[in-house]
Amino acid sequence: MTSISFKLEVFEGPLDLLLSLISRHKLNICDIEISKLLEQYLIYIDQAQEQNLELAGEFLEMAARLIYIKTAYLLPRPEEAEQLKKELEGALIEYSLCKVAAKKLAESFVGNSIFVRSPMHIKADMTYRLVHDPSCLAAAYSGISRKSVRTEMTRMSAESKINSVVKRRIVSVMSKVVHILRELYATGEACMDTLYKGVTDRSARVATFLAVLELTKSGRITISDDNMTIYFKGRKDREKQWMSRKNSAL
Amino acid sequence: MDVKEKLGAIEAVLFASGEPVELFRLSEACQVDAGALPSMIRLINERYDDCGSGICIKKLDSSYQMCTREEFAPQIRAALETKRSAPLSNAAMEVLTIIAYNQPVSKGFVENVRGIDSSSVINNLLEKGLVEEAGRLDVPGKPLIYRTTAVFLRSFGLGSVSELPPLPGQTADETNIEES
Amino acid sequence: MDVKEKLGAIEAVLFASGEPVELFRLSEACQVDAGALPSMIRLINERYDDCGSGICIKKLDSSYQMCTREEFAPQIRAALETKRSAPLSNAAMEVLTIIAYNQPVSKGFVENVRGIDSSSVINNLLEKGLVEEAGRLDVPGKPLIYRTTAVFLRSFGLGSVSELPPLPGQTADETNIEES
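Chains as they are written, first to last, in my numbering: chain A, 1 to 250; chain B, 1001 to 1180; chain C, 2001 to 2180.
To be clear, the hints were calculated from the coordinates, so they are not data collected in a lab.
None of these values were measured; they are calculated from a predicted model.
There's no promise every hint is true.
[Claimed, not checked] Pairs of lysine to aspartate or glutamate residues, derived as DMTMM-like cross-links and limited to a Cα-Cα distance of at most 20 Å, are as follows: (1) A:123 with B:1019; (2) B:1058 with B:1019; (3) B:1004 with C:2071; (4) C:2004 with B:1070; (5) A:104 with A:94; (6) B:1004 with C:2046; (7) C:2004 with C:2033; (8) A:123 with B:1081; (9) C:2059 with C:2033; (10) B:1004 with C:2049; (11) C:2004 with B:1046; (12) A:147 with C:2138; (13) B:1083 with C:2132; (14) B:1107 with C:2132; (15) B:1083 with B:1127; (16) A:86 with C:2111; (17) C:2128 with B:1111; (18) A:103 with C:2111; (19) B:1004 with C:2070; (20) B:1004 with C:2050; (21) A:123 with B:1127; (22) C:2004 with B:1050; (23) B:1107 with B:1127; (24) B:1142 with B:1117; (25) C:2142 with A:152; (26) A:123 with C:2019; (27) C:2083 with B:1028; (28) A:147 with B:1111; (29) A:233 with A:183.
Next comes chain A alone, as it looks inside the complex:
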């Protein structure tokens, strides 16, 4: 792996990244070349991972979405693919509109140049004096998730003391690539299902999926016709041969 010295641009989200790729590669936002976009997208994701850039799970989900659209185009009836592509294009157009509007709005920001004063301290009786029917109390509770109330109650009684900030775990594709290869070094082949065994985390599953695709692309592994087994292809000389086969297949 070559070390990269430049600093990767950071994006607000997968849509932001896609828009940047679209403008950089002069793609038509109203009729995107999915293959090209996917290729560039994965390159960015890989570079980000190589630089240990923390990417939100949504970036991997978008990769999976793009791959899915691309795969759907291989089916005999690509209507679904067309539909999915249209949805993605719609989302991109909407988001690009939002970015333009946000930029425009930001120009008129005067929030840090106008000052207001805090209210004068005046001693006054502020006691509430309206009267309501008690039933509106139960009604106001309807928006509250009982589940979160119970969770909080349990948490309190268990005296779990730290206000933990739940953070979504992000699993890198590279770590899964290493994991799969390690598995294959020993036996030369592995059952596809075993790769996902015990992997319940969504991010980890997506990463595993992407890792298999990544390894297939680089010709390190092949997949059996029934998609059940993967084989290790250690020899680099077969890589080119395989690549050309893959390209003609697509």
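Given chain A, put chains B and C in place with the hints provided.
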């Protein structure tokens, strides 16, 4: 800056700070000679007097403070009173019920249940006298806990918190469904 | 009270409140007819303009708030020894824009447009007072919905959300969107 601008700057600084501002600080910030400042303040006050303004600048020791004129105290009080009789917002109502049905609870409890920062809502309920502090929770950080008050009971026609209306869907069956 | 006194009372109430005061509250407290209030505020603002005052009264939706004039920001910062606060981040501007143009909206709506989790950005905007809760949506899960506030209007020099700049591409064709 000409004199007019300097007067404007003095006003703006005194308005924004709220508290008394030391003469030297005011003169430095507005680039006005400290010796000239008192006469400039006098100019502003004369202008206020001429038009019967509701505000004026007072000298306290070596500081200046912008305040309201005493004769308008009744109107200021009346404005506060109108605020007092405003009905509770949806958010206030929701926080109030969370406290009522689970009391005593901490702010953290309310916020975790609602999934949103609720400090200002709780402060508002405290100001209205609908909830009050009920000590601190014995966990790290010792958060304050809150309970409802007599004002709360009166506002909702309740004799005690045990008379709170039952929550819809509180039967055993429904809780099971929810969990599944 | 004659007009001069009423003008003084309006000034005093707005000064003392600090926060935006709703038109009806102001008219009630100062015993001014609600219909006549806007023109009285205009009178006060004209007087401020004439003498280059450091303060002015801004209309924010159906409320009025007294604030300093933009041009005196440097002097105020110098006096209060505050640094110029950082402008809003791109993420914050995006979320704020989505809420402003579509309000009231849920977090889910915002995240749909941006394609990424926006909880912390929304919390940040809530903390800054630029958005506020506006109840809950009546769909399963009852998500909270958000709207912009008077602070938002003041921060972007708007009198109401109807004064928001028109969305780009609403009239022009789509090729323009692409280029920007």
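>> Hint check: residue 1107 of chain B vs residue 1127 of chain B, CA-CA at most 20 Å. Holds or violated?
In response: Holds, at about 15 Å.
> Within 20 Å, alpha carbon to alpha carbon, are residue 103 of chain A and residue 2111 of chain C?
Replying inline: Distance ~18 Å between residue 103 of chain A and residue 2111 of chain C Cα, so the pair holds.
> Is the hinted pair residue 2083 of chain C and residue 1028 of chain B satisfied, with a Cα-Cα distance of at most 20 Å?
Replying inline: Roughly 16 Å between the alpha carbons, so the hint for residue 2083 of chain C and residue 1028 of chain B holds.
>> For residue 1083 of chain B and residue 2132 of chain C, compute the direct alpha-carbon distance and say whether it is at most 20 Å.
In response: Holds, because 19 Å separates the two Cα atoms, which is no more than 20 Å.
> When you check the alpha-carbon spacing of residue 2004 of chain C and residue 1046 of chain B, does it fall within 20 Å?
Replying inline: 15 Å, holds
> Within a Cα-Cα threshold of 20 Å, do residue 123 of chain A and residue 1127 of chain B meet the stated pairing?
Replying inline: OK: residue 123 of chain A and residue 1127 of chain B at ~12 Å, within 20 Å.
> Does residue 123 of chain A pair with residue 1081 of chain B here, judged by a C-alpha cut-off of 20 Å?
Replying inline: Since the Cα atoms of residue 123 of chain A and residue 1081 of chain B sit roughly 11 Å apart, the hinted pair holds (cutoff 20 Å).
>> With the threshold set at 20 Å, check whether the alpha-carbon distance from residue 123 of chain A to residue 1019 of chain B stays at or below it.
In response: 17 Å, holds
> Given the hint that residue 1004 of chain B pairs with residue 2050 of chain C, does the C-alpha gap stay at or below 20 Å?
Replying inline: The given pair, whose Cα atoms are some 10 Å apart, holds under the 20 Å limit.
> Taking 20 Å as the top limit, are the C-alpha atoms of residue 2004 of chain C and residue 1050 of chain B close enough?
Replying inline: 10 Å, holds
> Has the given pair, residue 2059 of chain C with residue 2033 of chain C, been kept, meaning a C-alpha gap of at most 20 Å?
Replying inline: Given pair residue 2059 of chain C, residue 2033 of chain C holds - Cα atoms ~17 Å apart, limit 20 Å.
> For the pair supplied as a hint, residue 147 of chain A and residue 1111 of chain B, is the alpha-carbon distance within the 20 Å limit?
Replying inline: 14 Å, holds
In summary, this structure violates none of the numbered hints.
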